[in-house]
Structures are given as structure tokens and as C-alpha cells.
Amino acid sequence: MREAMLALLAKEPAHGYELRQRLSRALGPIGEVLNPGQVYVTLSRLEKAGLVRADQVAQTTAPDKKVYEATAAGREHVTAWLLDASWPKVAPVEFHLKLVAAAATGLADPLALIDAQRRELLRRLRDVQRVAQDPSVDADGVLLLEGTALRLQADVRWLEACERRWTRR
Amino acid sequence: MDAEMNAVIEARGLSRHYPGDGTPVRAVDSVDLVVERGEAVSVMGPSGCGKSTLLHLLGGLERPTAGELRLGGQRVDRLSETAWARLRRRNVGFVFQAFHLVDELTAVENVELPALLVGASRRTARRRAVALLERLGVADRAGHLPDRLSGGQRQRVALARALINEPLLVLADEPTGNLDSHATGEILKLFAELREAHQTLLLVTHDPRVAAVADRLLGMRDGSIVEDTRLDGGLSRQAVLAQIAGWEA
Numbered sequence: 001m002r003e004a005m006l007a008l009l010a011k012e013p014a015h016g017y018e019l020r021q022r023l024s025r026a027l028g029p030i031g032e033v034l035n036p037g038q039v040y041v042t043l044s045r046l047e048k049a050g051l052v053r054a055d056q057v058a059q060t061t062a063p064d065k066k067v068y069e070a071t072a073a074g075r076e077h078v079t080a081w082l083l084d085a086s087w088p089k090v091a092p093v094e095f096h097l098k099l100v101a102a103a104a105t106g107l108a109d110p111l112a113l114i115d116a117q118r119r120e121l122l123r124r125l126r127d128v129q130r131v132a133q134d135p136s137v138d139a140d141g142v143l144l145l146e147g148t149a150l151r152l153q154a155d156v157r158w159l160e161a162c163e164r165r166w167t168r169r
Numbered sequence: 001m002d003a004e005m006n007a008v009i010e011a012r013g014l015s016r017h018y019p020g021d022g023t024p025v026r027a028v029d030s031v032d033l034v035v036e037r038g039e040a041v042s043v044m045g046p047s048g049c050g051k052s053t054l055l056h057l058l059g060g061l062e063r064p065t066a067g068e069l070r071l072g073g074q075r076v077d078r079l080s081e082t083a084w085a086r087l088r089r090r091n092v093g094f095v096f097q098a099f100h101l102v103d104e105l106t107a108v109e110n111v112e113l114p115a116l117l118v119g120a121s122r123r124t125a126r127r128r129a130v131a132l133l134e135r136l137g138v139a140d141r142a143g144h145l146p147d148r149l150s151g152g153q154r155q156r157v158a159l160a161r162a163l164i165n166e167p168l169l170v171l172a173d174e175p176t177g178n179l180d181s182h183a184t185g186e187i188l189k190l191f192a193e194l195r196e197a198h199q200t201l202l203l204v205t206h207d208p209r210v211a212a213v214a215d216r217l218l219g220m221r222d223g224s225i226v227e228d229t230r231l232d233g234g235l236s237r238q239a240v241l242a243q244i245a246g247w248e249a
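Those protein sequence lines, which keep their order, are chains W and P.
Last residue of the first sequence: number 169 in our numbering, and the count goes up by one each step with no gaps.
Last residue of the second sequence: number 249 in our numbering, and the count goes up by one each step with no gaps.
Extracted from the complex, chain W is given alone in its bound form (with noise of 0.2 Å):
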């Protein structure tokens, strides 16, 4: 979220609801439940950090605002970022570690949880396929709502893989 917000800020200066306005637009549907609090806080620390820099702007009919642009270090900061190829979370570590300790210690039937896994998941992929077919939703929005869908379509026949695996045992 901070970098996206400095990139928006290197295309060109903005004020705090300006911004907000267009992160909001980027994300779609999720923008709906975007915190405004965290815009505001986000660009506080990008300021101290050096790679905001704020201008207080008069307004004859309103109180003054202020006006946000990226500083040399943030153009810097946001190439960087759009250049790194990291990727958050690839492995389901944690269940497959889940579905071992269930299985070492009999705590737990890894079959059981495999079940209560796919419940979820299926759960959410209806929760958002159903928002991605709702047809107020652009383009740009249903990209990032089908990325999802594929993520947990991808999780769910991962758990087939483990349902037979721990089958077989």
C-alpha cells in the first residue's frame, strides 16, 4: 500500500482525499473498504522517512491543505519496488505442517482438517466470485477479484492432493 501510494505521488502531486480518491479507483471493489485513516497515517511515515515531501497549499474559502509530491529518494524507492520479483507466501507452509502434527500426534484427524480447510476456501471462492459477477464491478476491478479466485482455486486442488496422500497412509 505505501509504495502503490508513492508511485500514484511520482505521477504526480496530490492531497491526502485526492489520493485516497485514486487508490480507491485502483483496487475496484476492495477500494470499497479502504482505511482512510491508513492513507493519512501512510503518508505521515513516508514524509519522515524522506521520500514524501509536503507543501501547505492556501485556500481562500477552506482551511489550508497540504499537498503531497515524492522526493527523489521516493522515485527511487518506488522503481526498486516495481522491480523486485518477490513473491509473498508461495507455500502453504503452515497446513502442510498442520496436516504432519495432526497425523504425529494424534490430536487431530488430517483428513478432518483437510474437509474443514476446503469448507473455507470454497466459502470465500463463493464470497468472491460472487463480487466479481456483480456487473457494477470494471474491468480493472475483476482482474484483481479472479487473481484471488485462482489463488484459492489453486489451494483447493492442492488439498485434493494432500486428501488422497493422507488417504493412502
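It cannot be assumed that every hint is accurate.
[Unchecked claim] Within a straight-line C-alpha distance of at most 16 Å, the following computed EDC-like cross-link-like pairs (lysine to aspartate or glutamate) qualify:
| id | chain 1 | residue 1 | chain 2 | residue 2 |
| --- | --- | --- | --- | --- |
| 1 | P | Lys-189 | W | Glu-146 |
| 2 | W | Lys-66 | W | Glu-12 |
| 3 | P | Lys-189 | W | Asp-134 |
| 4 | W | Lys-98 | W | Asp-115 |
| 5 | W | Lys-89 | W | Asp-155 |
| 6 | W | Lys-66 | W | Glu-18 |
What the hints contain is simulated information worked out from the structure, not anything from laboratory work.
Note that the coordinates shown come from a computational prediction; the quantities given were computed from them, not determined experimentally.
Starting from the known structure of chain W, fit chain P onto it as the hints suggest.
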């Protein structure tokens, strides 16, 4: 529990055993199941768990070796083959993985066939078939033979055929099993529309996307239903979005 007024499917101890080498194969083993009118149910489970056999039993394509089955309140497990066939034509729509369209008939002729078989006039059958093809987005393919259609178009035609007699129940067996990802998405939308229209649906599938169309999930293993759970968690749209984003609602 007594017979439910609104139940489309009521199965008690429904079983299908085959004589095997020594021990009988229990393809479906003493299944109790009630599906209410308007419910969308998906059935998942590993290959060979009996989910397709269950679908065949519920649609009368196979006969149970034990147990009772009611369809729309009517006892059907003891019906003659002919009586079952008549009831099935009117009340059950099937969608299969391999489409099962008649190769020699055009799309619209495939769709109207079940209506003609239950005695609709040619004009009524054609009118309803055309309207359904329109609703499913394949009206421009009405005059084509199946081999001129893409997989996704064939499955839409098959779905139109399943719906033409406004069946009590639509049974789908791996409806997206032969489709690419895009065509799957299109078929999913149609099933979602059917669900919203309160069409009673039972979807047998491996595909998580298809399973997630339903509001209720049945899990099968070794011929038995081992789980029966609601998929609608009752979360608000805001809560759903927050969960997707990984933020607090």
C-alpha cells in the same frame, strides 16, 4: 423427519451396490439426502467416491439396489422403466461433461426435442427453444449442427435443452470438464443466474469454481456423504471485500 412439502429430492438409505470379485462394490452406500426447492448443491469427492453414480440414481439413469427415493414428493424408486422415463423427461434436466447432443440435429432442434417428447406443439417447442438459446447467448448458433459449435457453445445448448421443460431439478455431471477456462467462466455465470432464479441444482464436480457456485456443499467418500455444509457464510459485502484484501472489516 417427515416428508418435506418443499423437498425436490428425498433419499433414504439410497444404495447402489454392484457384485464385485468376492466383496460387493458399494458405489453409493445408504445415502440420506434432502434437497429443498431452490437449493443449489454441489457434490465433491475423490474419483470413484460415487458422486456420479449418486447423480445417476437421483435422475433415474440407474436404479438403486436399496433405499427409497422421492422426486417432488413422489416415490420413484419403484416406478417402471417407462414411468420413470416419462417423469424424468418432464422433471429432470441433465447436463453432462460430454454434452450428449444429437449430432444430426441442429442446436435449436436439440433444445426443442425434450419439449416435443412431452407433447408440446412444434410451434411452442420452437418458440421456447429459441427464447432459451437467446437467454443463454447462443441464438446466433440455432441453425448449426453441434460439430460446428465450440465446446462452450455446445454446453450452452445442452443447458438450454436441460431447461426447456422447466424441470423441477437440473443435474449436472462435471459440466465444465471438457471446457477451457474462458468457456468455464461463461457456464459458471449461467449456473449462477439459474441459482439466482431459484432453479434447484445439483452439480457434481471436481472444479472448485463450479462447486463454489452452490450454497451447499456435499462431500463424498467411499459411497457415503461425509460432509454436508453451507457455503453461504452470511458475510456482508464489506466483510467479504475486507477478507479478500486481508484487512480488518
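Results of checking the hints against the structure:
{"no.": "1", "hint": "P:Lys-189 to W:Glu-146", "in the structure": "holds (14 Å)"}
{"no.": "2", "hint": "W:Lys-66 to W:Glu-12", "in the structure": "holds (14 Å)"}
{"no.": "3", "hint": "P:Lys-189 to W:Asp-134", "in the structure": "holds (11 Å)"}
{"no.": "4", "hint": "W:Lys-98 to W:Asp-115", "in the structure": "holds (13 Å)"}
{"no.": "5", "hint": "W:Lys-89 to W:Asp-155", "in the structure": "holds (12 Å)"}
{"no.": "6", "hint": "W:Lys-66 to W:Glu-18", "in the structure": "holds (11 Å)"}
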